[in-house]
Amino acid sequence: AQSVTQPDIHITVSEGASLELRCNYSYGATPYLFWYVQSPGQGLQLLLKYFSGDTLVQGIKGFEAEFKRSQSSFNLRKPSVHWSDAAEYFCAVGAADSNYQLIWGAGTKLIIKP
Amino acid sequence: SQTIHQWPATLVQPVGSPLSLECTVEGTSNPNLYWYRQAAGRGLQLLFYSVGIGQISSEVPQNLSASRPQDRQFILSSKKLLLSDSGFYLCAWGGVTGTDTQYFGPGTRLTVL
Chain A
1 AQSVTQPDIH ITVSEGASLE LRCNYSYGAT PYLFWYVQSP GQGLQLLLKY
51 FSGDTLVQGI KGFEAEFKRS QSSFNLRKPS VHWSDAAEYF CAVGAADSNY
101 QLIWGAGTKL IIKP
Chain B
1001 SQTIHQWPAT LVQPVGSPLS LECTVEGTSN PNLYWYRQAA GRGLQLLFYS
1051 VGIGQISSEV PQNLSASRPQ DRQFILSSKK LLLSDSGFYL CAWGGVTGTD
1101 TQYFGPGTRL TVL
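Protein chains in written order, with the numbering used here: chain A, 1 to 114; chain B, 1001 to 1113.
In case anyone wonders, no lab produced these hints; they're calculated from the structure.
Fair warning: there could be bad hints in the mix.
In silico SDA-like links for lysine to any residue, alpha-carbon gap of 20 Å or less [to be verified]:
1. A:109 to B:1028
2. A:49 to B:1101
3. A:49 to B:1087
4. A:109 to B:1106
Let the hints inform the model, and build the full structure from the sequences given.
Below, the structure written as structure tokens:
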């Protein structure tokens, strides 16, 4: 069955520290992968996406993600977090034959310690 | 550029009352449109999607319905709200296939009392 797993419900990181949010997927077709961010009480904003080519993808706000097919993972990273990065992060996967839908992870809430 | 609007931003309704949430998109034609619900502390649940006027697909059986009376208008409705309908409702628009990015509106916070 198609699924996206974000193993960490919450992650707490000190401001200035590095960050890695995990995303694992199970998808029969060639995956198209997305990371979105949601600030409290707001809609979702696209951070980055991977369709093909270079497996290291750069996004907005200093984020990057690496697609590892062998591990079925698409982890999100940032070298140094800022207090404004506190938000909820969602991983999603789609495919050309997915009938217009994305499969969503449950989200990881990022908490920044001062 | 494309813009997506949702209103109202917040809504408090009694159990059994009707519901109408509206979503409109500007700057694009014939978008795919989506309604999601996000319950407290949970991920996104796709409720409905539409690939064109009058074309609605439902993903979850429930007491909600959706309509698309115009190309860039998507409405979420209910005749009688339940307590379990409380949540954050997000409208999104996207392209033709599942590979296309979805762009989200600001959301409506619905509380059913």
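Results of checking the hints against the structure:
Pair hint residue 109 of chain A plus residue 1028 of chain B does not hold up; C-alpha atoms about 32 Å apart against a cutoff of 20 Å. Under the criterion of a C-alpha separation no larger than 20 Å, the hint pairing residue 49 of chain A with residue 1101 of chain B is consistent with the structure, at around 8 Å. Proposed proximity of residue 49 of chain A and residue 1087 of chain B is contradicted: the alpha carbons are some 27 Å apart, above 20 Å. At most 20 Å may separate the alpha-carbon atoms for a hinted pair to count; residue 109 of chain A and residue 1106 of chain B meet this at roughly 18 Å.
Hints 1 and 3, counting from the list given before, are not met by this structure.
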